[in-house]
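Chemist: Going by this note's numbering, the sequence shown opens with residue 313, and the numbers climb by one from there.
If you are wondering where the hints come from, they were derived from the structure by calculation, not from laboratory data. Predicted model, so just to flag it, every value in this text is computed and none were measured. Careful, some of the hints might be misleading.
Below 30 Å or equal to it, Euclidean Cα-Cα: the simulated BS3-like pairs (lysine-lysine) are [claimed, not checked]:
(1) 447 / 433
(2) 316 / 369
(3) 316 / 433
(4) 433 / 369
(5) 316 / 447
(6) 374 / 447
(7) 369 / 447
(8) 374 / 439
Here are the in silico distance ranges between beta carbons for each label pair [what the hints assert, rightly or not]:
(9) 441 / 386: 34 to 42 Å
(10) 332 / 504: 13 to 21 Å
(11) 386 / 434: 21 to 29 Å
(12) 359 / 476: 19 to 27 Å
(13) 359 / 494: 22 to 30 Å
(14) 328 / 421: 30 to 38 Å
(15) 476 / 421: 15 to 23 Å
(16) 511 / 385: 38 to 46 Å
(17) 446 / 512: 41 to 49 Å
(18) 419 / 369: 38 to 46 Å
Idealized CB from N, CA, C, for every residue including glycine.
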Amino acid sequence: MPNKTGLLYERELALSDQYQLIAGVDEAGRGPIAGPVVIAAVILNLSSPIEGINDSKQLSHKQREVLFPLIVETALAFSIIEISHLRIDEINILQAVLEGMKQAIETLSVTPQLCLIDGNKLPTGLKIEARPIIKGDSTYASIAAASILAKVTRDRIMTEHDATFPMYGFAQHKGYPTEQHLSALHEYGACPIHRLTYAPVRQLKIWQR
Numbered sequence: 313m314p315n316k317t318g319l320l321y322e323r324e325l326a327l328s329d330q331y332q333l334i335a336g337v338d339e340a341g342r343g344p345i346a347g348p349v350v351i352a353a354v355i356l357n358l359s360s361p362i363e364g365i366n367d368s369k370q371l372s373h374k375q376r377e378v379l380f381p382l383i384v385e386t387a388l389a390f391s392i393i394e395i396s397h398l399r400i401d402e403i404n405i406l407q408a409v410l411e412g413m414k415q416a417i418e419t420l421s422v423t424p425q426l427c428l429i430d431g432n433k434l435p436t437g438l439k440i441e442a443r444p445i446i447k448g449d450s451t452y453a454s455i456a457a458a459s460i461l462a463k464v465t466r467d468r469i470m471t472e473h474d475a476t477f478p479m480y481g482f483a484q485h486k487g488y489p490t491e492q493h494l495s496a497l498h499e500y501g502a503c504p505i506h507r508l509t510y511a512p513v514r515q516l517k518i519w520q521r
C-alpha cells in the first residue's frame with residue numbers, strides 16, 4: 313500500500329487523464345485573532361513527486377521549512393496572496409479567504425484546467441472549472457502543497473510582527489487565541505495588527521491605527 317504522499321499523488325493522477333494542469337488552493341490563518349490570512353495556489357509537476365508532502369497541520373515546523381523550497385523550485389506554477397487584517401475586518405474572514413483564493417488562482421503564471429479548493433465553498437467569478445474539497449489538504453497533493461506554502465508564509469509574517477510587538481508572543485502562537493495571547497491582550501489591549509471584529513479583541517480597548 314502506498315504511503316501518505318503516494319496516496320495524495322495517486323488521487324491527483326487519477327484526474328490527470330482529463331486535466332493535465334491541476335491547481336490546489338488552500339489558506340492559513342482563519343482562526344487567529346491577529347495578522348493576515350494567507351492563501352496559496354500550486355500546480356505541481358505530478359511526474360516528479362515531492363516526498364513528504366502532507367497536510368501542513370500534520371507536519372512539524374522543520375518539515376514544512378524543508379518542503380517549502382522544494383515546492384517552490386519544482387512546481388509548474390505557484391502564487392501566494394496575503395489578505396490583511398484590515399480587509400478581514402472589512403468583509404469578514406470567509407469573504408477574505410474567497411477573495412484571496414480567486415486572486416491566487418488568477419495570478420498563477422500558468423493557467424490551470426482544474427482547481428481543487430480546500431473547503432466547501434468556491435470563490436465567485438472564476439473562469440476555470442473548480443471543485444470544493446472538504447479536508448482537501450489531506451486528500452490531494454496540490455492542496456497539501458498549497459497548505460504548506462500558505463502556512464510557512466504566514467508563520468514568517470507573524471514572526472516578523474513579533475519583533476515589533478514582542479509583548480504578545482506572535483512568534484510562538486502566530487496570532488491564535490492561546491492563553492498566553494489572551495492574557496497579553498487583556499494586559500496591553502489590541503495592537504495595530506489585531507482583527508478588531510473578532511470577539512476577544514472587539515471587547516477590549518484598541519490602539520489607534
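Chemist: In ascending order, which of the hints set out earlier in this document are inconsistent with the structure?
Modeler: 8, 9, 10, 12, 13, 14, 15, 17, 18
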